[in-house]
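Chains as they are written, first to last, in the UniProt record's numbering: chain A, 1 to 231; chain B, 1 to 231; chain C, 1 to 231; chain D, 1 to 231.
Just so you know, the hints here were simulated from the structure itself, not pulled from any lab data.
Check the hints yourself; a few may be wrong.
As the list claims (entries may be wrong) - Facing chain C, a subset of chain D residues (Cβ under 7 Å, in silico): (1) R79; (2) N160; (3) L164; (4) Q168; (5) P195; (6) Q202.
Cβ atoms here follow ideal geometry from the backbone N, Cα and C, with glycine treated the same way.
Spelled out from the first residue to the last, the chains are:
There are 4 protein chains.
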Amino acid sequence: MLRLSRFLPSTSRKVSDLKDVLWSGSVTFEHALSTSAANVDENASARKFASYTVFKGKAALSISPILPNFTKIESGGSRVKKNGSVMLTFFPAVGQRQYDYSKKQLFALSPTEVGSLISLGSAESCEFFHDPSMKSSHEGQVKKSLSITPLGNDNGYFVNITVLNNVQKTNERLSVPVTKAEFAVMRTALSYALPHIMGWDQALTSHPQSPTAPASKPRVERPHPDSEWER
Amino acid sequence: MLRLSRFLPSTSRKVSDLKDVLWSGSVTFEHALSTSAANVDENASARKFASYTVFKGKAALSISPILPNFTKIESGGSRVKKNGSVMLTFFPAVGQRQYDYSKKQLFALSPTEVGSLISLGSAESCEFFHDPSMKSSHEGQVKKSLSITPLGNDNGYFVNITVLNNVQKTNERLSVPVTKAEFAVMRTALSYALPHIMGWDQALTSHPQSPTAPASKPRVERPHPDSEWER
Amino acid sequence: MLRLSRFLPSTSRKVSDLKDVLWSGSVTFEHALSTSAANVDENASARKFASYTVFKGKAALSISPILPNFTKIESGGSRVKKNGSVMLTFFPAVGQRQYDYSKKQLFALSPTEVGSLISLGSAESCEFFHDPSMKSSHEGQVKKSLSITPLGNDNGYFVNITVLNNVQKTNERLSVPVTKAEFAVMRTALSYALPHIMGWDQALTSHPQSPTAPASKPRVERPHPDSEWER
Amino acid sequence: MLRLSRFLPSTSRKVSDLKDVLWSGSVTFEHALSTSAANVDENASARKFASYTVFKGKAALSISPILPNFTKIESGGSRVKKNGSVMLTFFPAVGQRQYDYSKKQLFALSPTEVGSLISLGSAESCEFFHDPSMKSSHEGQVKKSLSITPLGNDNGYFVNITVLNNVQKTNERLSVPVTKAEFAVMRTALSYALPHIMGWDQALTSHPQSPTAPASKPRVERPHPDSEWER
């Protein structure tokens, strides 16, 4: 029988500390912002941030969704320019219920990596490899891997990040055991997030006729949208 | 073959009674409101409340979602300050189809407890412990536990709450059998609610450019949002 | 191997016919409207109707979601007064691809009945009984039952409605075979609809501060919303 | 153990190329637009497009949701006139990581075909047949089929399109292997899209009382909406 307890001293103060770090400082989980005038961020005040964090003995793991980017297209609408992602942030523990937020390690899951994670069988593993310097002259200097391995007996998973730095000759590894219940939260949150980080929720939002839009602009005929026949 | 019947005399009057109790009186299922001027509740008139209730012989069980709390952050947006929850409310029966709403017992499920419940196998159990006086001088005086145990043969679950009061020397226990169909409603509603009580729906809502916002406020460069490379 | 074909002569004209019937005439799938001035229907023009229909040899079956009803509460918000439902509408065939819409039979699934349907195993059955005259002097005169029974070999289900009229001494029965793919559509649509017909989507919608609301109305302190401790 | 890698040279430039093709040119994935003045497209600037694409050795496959069409009904609301769909677009490879977008093949999945795909067991297959000239004098000249067959060992599926042109005596075939992780993305995206392409999200959206609507227009009595009793 699974037992969860809340009799433990609260970690709420720690969570606040964490969140202050997550949403400020050097990493901001926001829309991609360029310095170009075209991408002026007018809606910073409307942005909301949310995460799900598990605190364990040797490290904490926080997951957080990131929105996709859209770009204007000629026809007047917009299309996804860059998919969003789900960011995994690991923090090492430096004492009982104390975590060093300056030593965080990041790993951004792509839609397909999210798909891998949410379809993981209870006895299955998966591993992803990222190279932060991909496509630059520094390619291969730093290698990150994220692996998810079963705890056994359908009890959850170990989520491990390894960051190998060939220049600094360092090899950092953080590991967080995730219970079946916690993984169910992650799976549900990731399944919910997946269509959103690909922009499908926005593509599937109907836009009712705007009463202020000029109604006197008839369009020329276009091919029927969902017809596959027209080639 | 499962059979559900509606030939029974209606319980609709009772449901109304219950709802009057649920949404008024000493417990209000609303946003956390402080008395600070900053948190003035301007939107009370827009708030909507919903629940799912099962009425059984010895007790009734009602589940109801509660929104998370957001707090402003320096950068101009906001982040989850306190997760929402799913409130379970138990009412003892005091006669045929009559329940004593003054003797209700509450149990608020955290996101991880919701995760535990929605991933529960048909033959599995789970149990959660809460201490209402946690972190106060009264810690340990009252202990609550919620257990969910299978009825057997994939027929649903017993949902039991026990409230042990060491000061008043009382030990109240309410138990509600939940059919497979009713549990499917709960599981579906909880799965739907989970991303919302963690604020992920709000974090994943894009905010289109507001036409009234001042467009002439270019921002300084910020790190690319979803890049994990920038440490 | 499952094979679906679109080479058959189109049924699109028939579908239009059906929809004209579904959304007009004696049955309107709309919000509950009383004649009281308080419930004036100001938003008829914004309402949208959708269904999913399967046309088979002896009958057609259409399913369609119906919104819940809210009622104002003292505190200024509103709560679900009456759950929505998912309406099943059966039409008997009167010729090849022709259906008699005047002989439709209706069956409104409650949230728990929806839960029963979406959790149905591939070899399981379920049956629901409704009495249209429940709680009136005509109780027992008409009895409806809806049964869902497996086609066998994980191939889908038979969905059957029986309407027994003890006064008119009639016993009508319509039966529609639903393929595994069609049932997957129904299951997905019903799972999506379930939180909505219970009003959970509206209860979980956050209402951002309205700029036009009077901000100078500080509230008195209220109990913390999601605390279960306060009894 | 499943391994995904990002060390490969990026395909981002190719993706951009693809998207330019997807959202412009001869095929526009938009609302159905007639040339009639009534259907003037006033909201082109608000439209957003999203897809999910997998690039493989011999071909690429992109899936993309298409909204349903609504039409006004007499009572003042609107109903689904034509279901949306999920468009599958195949592109043949013409070199390493190079695809010929001019040779794309399209296949639009109906709601029931989406249901078939999302309920596909890991060892199951399905096949759909479309005739682009259905109901015209050219019926039977071109036959398309889409088949989805398991790769084996729960490793994903082959997605194959065949276009047989009896006039041009051509038979084109494109085949894309889809990993389990990629299929999980498709399944999740399709499950999310399904209620939307049928318009259920719009039918289940409540429309709060508009403050600007004339409140002095009481309606005549109508039958109770979700009552099945009223025949």
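For each hint, the structure was consulted:
| no. | hint | result |
| --- | --- | --- |
| 1 | R79 | holds, 4 Å |
| 2 | N160 | violated, 13 Å |
| 3 | L164 | violated, 13 Å |
| 4 | Q168 | violated, 20 Å |
| 5 | P195 | holds, 4 Å |
| 6 | Q202 | holds, 4 Å |
Taken one by one, the earlier hints fail for this structure at numbers 2, 3 and 4, listed in ascending order.
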